[in-house]
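Engineer: Each chain, letter by letter, is given below.
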Amino acid sequence: MNYKIFIYTALPCEAKPLVEHFKLKKRLDVQAFAVYEHDTLCLTVTGVGKNAMAAGVAYTQALFNGVENPVLINVGIAGHRDYALGDLYLVDKIIDVDSHKHYYPPLIAKALCPSNVIQTASKPQLNYHHGDLCDMEASAFYEIATRFTTGELVQCLKVISDNQHSPAHLINAKQVSLLIAAQLATIEAIINQIVALTELLLMPDTPLFEQLIQQYHFTVSAKMQLKALLARWAVLTDNQPLPINEAQLHNGKEVLRWLEQQHAKLAVFL
Amino acid sequence: MCNKSQALTDKLKPMIDTIYIEEAISQHPRVRDILARFPKARRISCERYTQVFNPKAQNFRLQKQNPALILAQKHQHFVLPAPAGYGIGSARNYYFSHVLNCLYDCRYCFLQGMYQSAHYVLFVNYEDFQAEIEQLCQDSPDEHLHFFSGYDGDSLALEPVSAFSEYFLPVFAKLPNAFLELRTKSTQIRRLLNCQPLANCVLAFSLSPDAIARKVEAKAPNLQRRLDALIKAQAHGWQIGLRFDPLIYQSDYREQYQQLFAQVFAHIDLAQLHSVSLGTFRLPDAFFKKIHKLYPEEKLFAGDFSSQHGMMSYRNNIEQDMMGYCSEQLLSYIPASKFFPCRL
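Protein chains in written order, with this note's numbering: chain A, 1 to 270; chain B, 1 to 344.
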């Protein structure tokens, strides 16, 4: 299991084009939510509303815990007073209508689609009287998702499904799937942009660490010291191999002492 | 807006594509002026800048890829006492921050450890800063008060957007017992060249050896461009400050700093040199830990450090060697009266 990207949709019809496009397979052993997966991508259909979304995000992240810097994306439909059906928006501000909390997903990547404010409410907002997007999940998604990763890797993408000329009661599942499917290329490009950011969060490799802790006994604090010394060596030498001779080192303390001696010999150049 | 100012703003346009605006100041003249300069930027309203700037789930390194500008209003603590060791000759030192964060991306900068966000916050209510500065000066008419503007961000780097010096230089011109330090790595000195130099202001340039600056001062003007700006400002009559802080260690630091000092003092008119300060790289422990975690591959943090009294700095022998060597070098160029070493 090496998931990196987690997509959350409220409805099966929102998920359907994504499942087909990314060739996702349903996990039959997971019962609480419909979870699909392939390669590094995992999609969860949470159900409608803030509670369902919060539960779906938390459940999936707990199920696949241990992922470093996961990317979490909410893809779904939203209403707007004027915007044309099918247009895609990145959410730049989330207003929870019930709690009056505001959230600001940090927008780092180059804009591939316009952005807009979204109002999330527990009940459908059907009067189209303001200029913000409307949905029923974004605030809960963002609040819970940012417990598992940094805000830059948490984004909401909304496709317009209804407006004052084509109100919400006219929406049907087939149409929703078509609207999302028409935006798949942009959705994928935005996800790729966000995934690219995670490259900046990679920790330096210290492959010798695992080998040495198998070979010698280290206390917990000595393990931390070992890891720091190995990382420091890798950084200062641009990943040169350590000239270690295990035959001459009989215990963890000697390994640490030897590493410190190697460091003392290093010239430091930025 | 004059053409030069427009040209400077144009340079920043690709760098600022999102602007957050506090609702209460959306009609502030300074806000309207700044927004007019960035017509294509995405605008997002917020109640308080802290809603955007302070949340924990943010990554400074990621945001530094594309920081937004936040236009905000400061409500209190406009002027604060400067930390110990920050002075250049006065017993009473203060700093004020019209801006939080910096255009540049210097790896040693404490701001990376202090703030959750890399967005630039610009407090537009300059008049309130002015009132508190004036009050402090009036309260102590017989004392000399030093004010530092480049503590939480470069004093001049955002000048095309902030028009900071345009506003504050005339303020300080009327305060005989105040002294202002503009600390910068920027070359944004056009406004200074278009006005009369102030006797109670020093333009202080932070300088590092070119080879070191290239490694740890990303996005900042290179040494030669900073020196060019310094020479122009000096020729125009401004007092100059030199800030060799932080000194950065590498094995050949002696050669690096010897060359730097020789290069700098070849151009300095000692009569207009106000002060020289010096200090080794140091950070509060918590900031060091946070920044190291953000940049684990960074050689700067793989040096030989130790923590003393909550402050992480080079081991004593290295710190003392560097301070001793660089002090000796500097004192061969300048009198001791102009030298302000910062010891831990």
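In short, the hints are calculated from the structure, not lab data. Heads up, a few of these hints could be off.
Stated by the list, open to error - Restricting the straight-line Cα-Cα distance to at most 27 Å, the calculated cross-link-like pairs of lysine-lysine (DSSO-like) are:
#, chain 1, residue 1, chain 2, residue 2
1, A, K265, A, K223
2, A, K16, A, K123
3, B, K293, A, K101
4, A, K110, B, K293
5, A, K4, A, K25
6, A, K227, B, K290
7, B, K56, A, K4
8, A, K253, B, K56
Engineer: Give a verdict on every hint.
Structural biologist: Hints, one by one, checked against the model:
no., hint, in the structure
1, K265/A to K223/A, "holds (22 Å)"
2, K16/A to K123/A, "holds (24 Å)"
3, K293/B to K101/A, "violated (30 Å)"
4, K110/A to K293/B, "holds (26 Å)"
5, K4/A to K25/A, "holds (16 Å)"
6, K227/A to K290/B, "holds (17 Å)"
7, K56/B to K4/A, "holds (21 Å)"
8, K253/A to K56/B, "violated (38 Å)"
Hints 3 and 8, counting from the list given before, are not met by this structure.
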